[in-house]
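Now for the letters of each chain:
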Amino acid sequence: MEPSEHGPDRDDARHHEPSPTLYPLGFAVGIAVILVGLVIDPLVIGSIGLVITLVFAFLWIRDATRLHREERVAVEAERREAAEKGVPVKGERFPRSRFLESMTVGLGALIGGIVTVPVAGFALLPSFLGQGRHKVDLGPLSEFPEGQWLVATFMTDPAAGEVSRRTAFVRNNGAFDNEPSFTIISNRCAHLGCPVQPNGPIGKTSFEPTANGKVRLIQATPAGFGCPCHGGQYDTEGNRTAGPPVRALDRYSFEINQGRLVLLSTFSVSHVDGTGAQAKIYKYKLSGPGQHVDGGEQWFYPIQPPHH
Amino acid sequence: MAGARKPPTKAQIRRRNLEVAVQYPVDWLEERSGLIGGIKYFLFRKVPADTNWMQTLGSATLTAFIVQAVTGVILAMYYQPTPQGAYPSIVRITDHLTMGWLVRGMHKWGASVFIILMFLHMGRVFLFGAYKYPRELNWVVGVLLLATGMAEGFTGYLLPWDQTAYWASVVGINLNGTAPFLGPWLAQFLRSGQEISGETLTRFYSLHMLILPGAIAALIGLHLYLVIRLGVTSPPWSDEAAGRERPEEPSELRQGLTQTAAHGSGGQS
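Order-wise, the sequence lines are chains U and E. The letter at position 241 of the first sequence is residue 241 when you use the numbering used here, and the numbering goes up by one with no holes. The letter at position 148 of the second sequence is residue 1148 when you use the numbering used here, and the numbering goes up by one with no holes.
It should be emphasised that the hints constitute simulated quantities derived from the structure, not laboratory data. The beta carbon of each residue, even a glycine, is placed where N, CA and C say it ideally should be. It is possible that some hints are incorrect.
Part of the chain U face toward chain E, derived, beta carbon under 7 angstroms [said to hold, decoys possible]:
#1 G193
#2 F207
#3 P289
#4 G290
#5 Y301
#6 H307
Here are the computed distance ranges between Cβ atoms for each label pair [claimed, not checked]:
#7 P1008/E x I61/U: 21 to 29 angstroms
#8 P42/U x Y1078/E: 35 to 43 angstroms
#9 G1034/E x L50/U: 33 to 41 angstroms
The whole structure should be built from the sequences, with the hints applied where relevant.
As structure tokens, this is what we get:
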């Protein structure tokens, strides 16, 4: 039977009538008896319920499929012709439907904007605003003998745990103009941020209890520093000597507070002339690894995101 | 049907009744939703006669993505995206939970399969010239899928939170940071601050399991829509390539479903 055999005037009302049968009711009663039976007596009452359910299920199915077993009536889905769009009624310059269309779209856009702005702000702004700055207490000056390199490992934020662990190479340069002088180099490689290691034997390890938890100090005698990831090499002042790094290693600024060495913020260094207390450090605002701070390439990174 | 009608045998009547019983729910759904017709339209399209096994690489990639989605959802039931909990939960999934090693292994190796299949599929499309008019937009959508797929790989790599994961992500984020102008901002956004922290982990987790898969699913929908709308390309060696089409043949595939009772008695009117 093709749909085309049936005209639009065919009588399909019979097909759409709700079934006048009571069998579903009997089926529901059977299910209810099964459930009651499961609580009271599964074997007897449950079986009775099962019998009722199956009998009415059979009757219901037979009744529901009666039409199809006898004769099959093809029913086409209901269709409605779409009204012609945007044709103004005679004499109407700005149709009501067009007004409602623009209001719906406009209000939707407004609501969408009102919702999007705070959500987008929450997604983006916390990465850039309120960037905390941590002071790190490394212990008393007596732990840092003059001329001795120490690999200091510490947590910048003990509340955050191990994930905030950082490493710096610290050397006491002795006094310079009656002021204590330290060389404190960050171990973050200036190539892509891997942990730089001292090139040379390490000595005894000690742990210093501080306000920032335990600080680990390892004695070292480096000939320079090297990165395990891509082979960047630096001298003991942090100047790049070989490999892919684009500048010298970053350094920590520091203060001496009540006889204790305290690390402040980090800054970037293009290169260092001289050594130790006499070194001339070409200092720049902290930049990410791989970013040039001097030369022509610095213009690729004109504005750094806010950080300490 | 031509010829004299014989009265149907009992077996024919039984068979016809069975067909009607099977067809009833299908017709019920079709009448109210049109879904069956849509699915038929989607699955039983005409394709060039000389399609190639290479042209199954796209659906293979789709299958790989579905495997990643399903195994990823299950892994998310056990994984804990915190600096203290991430690695122990990975160890628990791998070593202690029943079949956890298998599902994690499927997700881990399936990730590589997904990426490899994307490149093979891309190579097929390139070598068959299937990116040419009118399918340029589908190439663009495919490139976006490649980018989001690689971003899935990047964000997923951090989640085990071991030394490899941590330092690979440090390097990866800093690579983004070296992009001119906006690079430092992108890196700080990915890092959720100027240092890697627990928030980097939760951010990557959210990107990995919500934002990027959602984007991939939407792009796959667009990709498939364009495939269906524009059809499958013939291989370059085909006579049908370059717009030389076969003569149109009458097709029964796209006819409606409601006349299927007629199919039982032999088909055409």
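Hint by hint, here is what the structure shows:
no.: 1; hint: G193; in the structure: 4 angstroms, holds
no.: 2; hint: F207; in the structure: 22 angstroms, violated
no.: 3; hint: P289; in the structure: 5 angstroms, holds
no.: 4; hint: G290; in the structure: 4 angstroms, holds
no.: 5; hint: Y301; in the structure: 6 angstroms, holds
no.: 6; hint: H307; in the structure: 4 angstroms, holds
no.: 7; hint: P1008/E x I61/U: 21 to 29 angstroms; in the structure: 23 angstroms, holds
no.: 8; hint: P42/U x Y1078/E: 35 to 43 angstroms; in the structure: 37 angstroms, holds
no.: 9; hint: G1034/E x L50/U: 33 to 41 angstroms; in the structure: 39 angstroms, holds
Checked against the numbered hints above, the structure breaks only hint 2 and satisfies the rest.
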